[in-house]
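2 protein chains.
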Amino acid sequence: MSIFSKTKSMFHLPEGVIYLDGNSLGPLPKATPDHVSNMLTKEWGDLLITGWNKADWMGQPSRIGDRIGKLIGAPSGSVVMGDTLSIKVYQAVASALDLNKSRKIVLSDNGNFPTDLYMVDGLLKSLDNGHELRLADPEKVEAALNEDIAVLMLTEVDYRTGRKHDMKALTAKAQALGIIVIWDLAHSAGAVEVDVAACNADFAIGCTYKYLNGGPGAPAFIYVAPKHQEKIRPALSGWLGHEAPFAFDIDYRPGAGIERMRVGTPPVIALAALESSLDIWDMVTMKEVRQKSIELCDLFIAQVEQHCPSLSLNSPREGTNRGSQITFKFDDGYAAMQALVAHGVIGDFRAPNNMRFGFTPLYIDEGDVVAAVKILANVLDNKLWDKPEYNQRSRVT
Amino acid sequence: MSIFSKTKSMFHLPEGVIYLDGNSLGPLPKATPDHVSNMLTKEWGDLLITGWNKADWMGQPSRIGDRIGKLIGAPSGSVVMGDTLSIKVYQAVASALDLNKSRKIVLSDNGNFPTDLYMVDGLLKSLDNGHELRLADPEKVEAALNEDIAVLMLTEVDYRTGRKHDMKALTAKAQALGIIVIWDLAHSAGAVEVDVAACNADFAIGCTYKYLNGGPGAPAFIYVAPKHQEKIRPALSGWLGHEAPFAFDIDYRPGAGIERMRVGTPPVIALAALESSLDIWDMVTMKEVRQKSIELCDLFIAQVEQHCPSLSLNSPREGTNRGSQITFKFDDGYAAMQALVAHGVIGDFRAPNNMRFGFTPLYIDEGDVVAAVKILANVLDNKLWDKPEYNQRSRVT
Numbered sequence: 002m003s004i005f006s007k008t009k010s011m012f013h014l015p016e017g018v019i020y021l022d023g024n025s026l027g028p029l030p031k032a033t034p035d036h037v038s039n040m041l042t043k044e045w046g047d048l049l050i051t052g053w054n055k056a057d058w059m060g061q062p063s064r065i066g067d068r069i070g071k072l073i074g075a076p077s078g079s080v081v082m083g084d085t086l087s088i089k090v091y092q093a094v095a096s097a098l099d100l101n102k103s104r105k106i107v108l109s110d111n112g113n114f115p116t117d118l119y120m121v122d123g124l125l126k127s128l129d130n131g132h133e134l135r136l137a138d139p140e141k142v143e144a145a146l147n148e149d150i151a152v153l154m155l156t157e158v159d160y161r162t163g164r165k166h167d168m169k170a171l172t173a174k175a176q177a178l179g180i181i182v183i184w185d186l187a188h189s190a191g192a193v194e195v196d197v198a199a200c201n202a203d204f205a206i207g208c209t210y211k212y213l214n215g216g217p218g219a220p221a222f223i224y225v226a227p228k229h230q231e232k233i234r235p236a237l238s239g240w241l242g243h244e245a246p247f248a249f250d251i252d253y254r255p256g257a258g259i260e261r262m263r264v265g266t267p268p269v270i271a272l273a274a275l276e277s278s279l280d281i282w283d284m285v286t287m288k289e290v291r292q293k294s295i296e297l298c299d300l301f302i303a304q305v306e307q308h309c310p311s312l313s314l315n316s317p318r319e320g321t322n323r324g325s326q327i328t329f330k331f332d333d334g335y336a337a338m339q340a341l342v343a344h345g346v347i348g349d350f351r352a353p354n355n356m357r358f359g360f361t362p363l364y365i366d367e368g369d370v371v372a373a374v375k376i377l378a379n380v381l382d383n384k385l386w387d388k389p390e391y392n393q394r395s396r397v398t
Numbered sequence: 002m003s004i005f006s007k008t009k010s011m012f013h014l015p016e017g018v019i020y021l022d023g024n025s026l027g028p029l030p031k032a033t034p035d036h037v038s039n040m041l042t043k044e045w046g047d048l049l050i051t052g053w054n055k056a057d058w059m060g061q062p063s064r065i066g067d068r069i070g071k072l073i074g075a076p077s078g079s080v081v082m083g084d085t086l087s088i089k090v091y092q093a094v095a096s097a098l099d100l101n102k103s104r105k106i107v108l109s110d111n112g113n114f115p116t117d118l119y120m121v122d123g124l125l126k127s128l129d130n131g132h133e134l135r136l137a138d139p140e141k142v143e144a145a146l147n148e149d150i151a152v153l154m155l156t157e158v159d160y161r162t163g164r165k166h167d168m169k170a171l172t173a174k175a176q177a178l179g180i181i182v183i184w185d186l187a188h189s190a191g192a193v194e195v196d197v198a199a200c201n202a203d204f205a206i207g208c209t210y211k212y213l214n215g216g217p218g219a220p221a222f223i224y225v226a227p228k229h230q231e232k233i234r235p236a237l238s239g240w241l242g243h244e245a246p247f248a249f250d251i252d253y254r255p256g257a258g259i260e261r262m263r264v265g266t267p268p269v270i271a272l273a274a275l276e277s278s279l280d281i282w283d284m285v286t287m288k289e290v291r292q293k294s295i296e297l298c299d300l301f302i303a304q305v306e307q308h309c310p311s312l313s314l315n316s317p318r319e320g321t322n323r324g325s326q327i328t329f330k331f332d333d334g335y336a337a338m339q340a341l342v343a344h345g346v347i348g349d350f351r352a353p354n355n356m357r358f359g360f361t362p363l364y365i366d367e368g369d370v371v372a373a374v375k376i377l378a379n380v381l382d383n384k385l386w387d388k389p390e391y392n393q394r395s396r397v398t
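Protein chains in written order, with the numbering used here: chain D, 2 to 398; chain B, 2 to 398.
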């Protein structure tokens, strides 16, 4: 039994469904309900307030942060959990601007996930001090780097196409120009090999409800390079990031190292769910996950191009240039995806015309890929998507 | 059977423990583990990504917000859930300053919970535009109001002493001077009768892990007066607060009404736990909870003053002037509280010398109060606290 057969058996995968949307929300690990239930009854229920010490809820954000750190090449003590990715964007950009005060421009690309851009926009409007959010096409980011730029903030893997930036090269080029570099790893952590330390990233942020299977709305993470940790002034200076939260001092003094990136009371129940899902990650290496992911994606591309000629690839063909998802363009992609879901293959749709499919070796295998394409071909060949009910747009697709 | 006997039976209360710390972390409702487990398996597990629509996870922050709203006198559509109280402080103060741009001072009191002050400090340092956080003694807040002040931010019930501000009177006096008023209801929601609409509060914020029993790190809430909702520019402009989150537009446009106070992806699992605990609140009115709370607190004061002469009251004696907690001063209060916990009565300690006890009618009755004081008297009479192990300070007390 291969390691991936074993990991697949550890997920709750509904009968009759092939789930190619783990890049949006990972599925439920079978162990999670019992783990959470146990936390609720044996920790919250029995320990009550003493759980903060006795069950070390207080140390949970750093303890889990270290486990995430192993998946992204971050040393112990450089990652902490909490809040949402949107909040972590705000913390990282505010801190980065503070480290580079003489400059006013935040550079990103126009393919970045919108909330990253929205959060920066909100921050810069609040600062009201001549800052600018500048957007380049993803392939023109390198050319747009210059010594006026304070911060480069990019998402490594494009949420629509899966196109992957060269994290190491861009970081080095930006830093040579005195730019602080922030990487959003939302579509990278658990999907591709990441080594924030080797890439010399200044900050990295990400969510845990996609490839890391932490559950809907699972807490986010933030990495701060050790050399910056003691220098940054937290913009979101909450009590759990204080040097001595339980001294209840009037004045804020930032905590040691990465601890200062904590804000409010940690989400203990949500972190318990995430903690359980990370046990599965202890069984594999990112190297073997990445290799298998590329194989699955290559197989999917080959199968679709053979059986679904009306679709056109909108992801890099070369495995090393993309993340763990594949997008095909189709003008009626919205309806086609709805029909596909109704026929048992869950992917998703991203405007304007992207049918997006995520490949997650922990629970997707070659048999799933072949079966999914067969169903997709049937939906397309027989125009099963051409029904009114598949064209009603709902909020989440 | 009184309604409070019934509600008491709905909580998991460990054998041999009298829990007088629900003002810090409420206990586990018996229904919560099954409710969460059901959400995990039947929603996340079976529905996967389609849960956002089919289980209406997307509507959960507003749906639960409306339920919280009923407990604090807020109309439907004026409260939304998410993040932590620290983050909600930041959102409220940033928005309030934006509504009152010609002024630069945020006034609070030096008895406010530290994270509220820390978050404002962080915000003002980021703005770097001549703002000031000014602190008055709690009883001198009214005298400190003037037309230079932009924002008055107060916690209604003092976290140490339980002293309660006159929310309606202070709001009216501040607003007459053109000040925007924010109330932190951390120790009020579920503890005292609150009517944010009748008080004309501009903003209110609070947490749900104390009297509302949402679990450790449960999500926070924010209320924005309907008249302001369409005027405020969110400082934390996340995608879930966008007018059309799934259009994935490059530019941020705030959502309608209270929705713009949403930031990132909502914490669905944590909100499910909270949702379950709110079912108990549907069985009672705040009027009857408040009346019973005052009776329990009065009884506690009388019993302590009769049986524990070495303690001195550090809370208002008059029930209407305090929240749902009572504090007694004792020089060796830290060790005494540790000893008391070891003997089965859980309260907590707040520096420098406050032994704090919360009274929560949903699961504490007169028998508990009398029994707790008997144990407290024994700890004090026999100096059971005078042991080295009770003097070792841990992070959470």
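Hints were generated in silico from the structure; no laboratory data involved. Take the hints with a grain of salt, since some may be wrong.
One copy or any two copies: either way a pair holds, since identical chains are not told apart in the list.
Stated by the list, open to error - Dumping the calculated DSSO-like pairs for lysine-lysine here, alpha-carbon to alpha-carbon at most 30 Å: (1) 9 to 55; (2) 71 to 174; (3) 102 to 169; (4) 169 to 288; (5) 7 to 330; (6) 126 to 232; (7) 384 to 55; (8) 375 to 102.
Evaluated hints:
no.: 1; hint: 9 to 55; in the structure: between (34 Å within a copy, 25 Å between copies)
no.: 2; hint: 71 to 174; in the structure: within (25 Å within a copy, 55 Å between copies)
no.: 3; hint: 102 to 169; in the structure: within (24 Å within a copy, 43 Å between copies)
no.: 4; hint: 169 to 288; in the structure: within (17 Å within a copy, 61 Å between copies)
no.: 5; hint: 7 to 330; in the structure: neither (34 Å within a copy, 58 Å between copies)
no.: 6; hint: 126 to 232; in the structure: both (24 Å within a copy, 15 Å between copies)
no.: 7; hint: 384 to 55; in the structure: between (59 Å within a copy, 25 Å between copies)
no.: 8; hint: 375 to 102; in the structure: neither (55 Å within a copy, 61 Å between copies)
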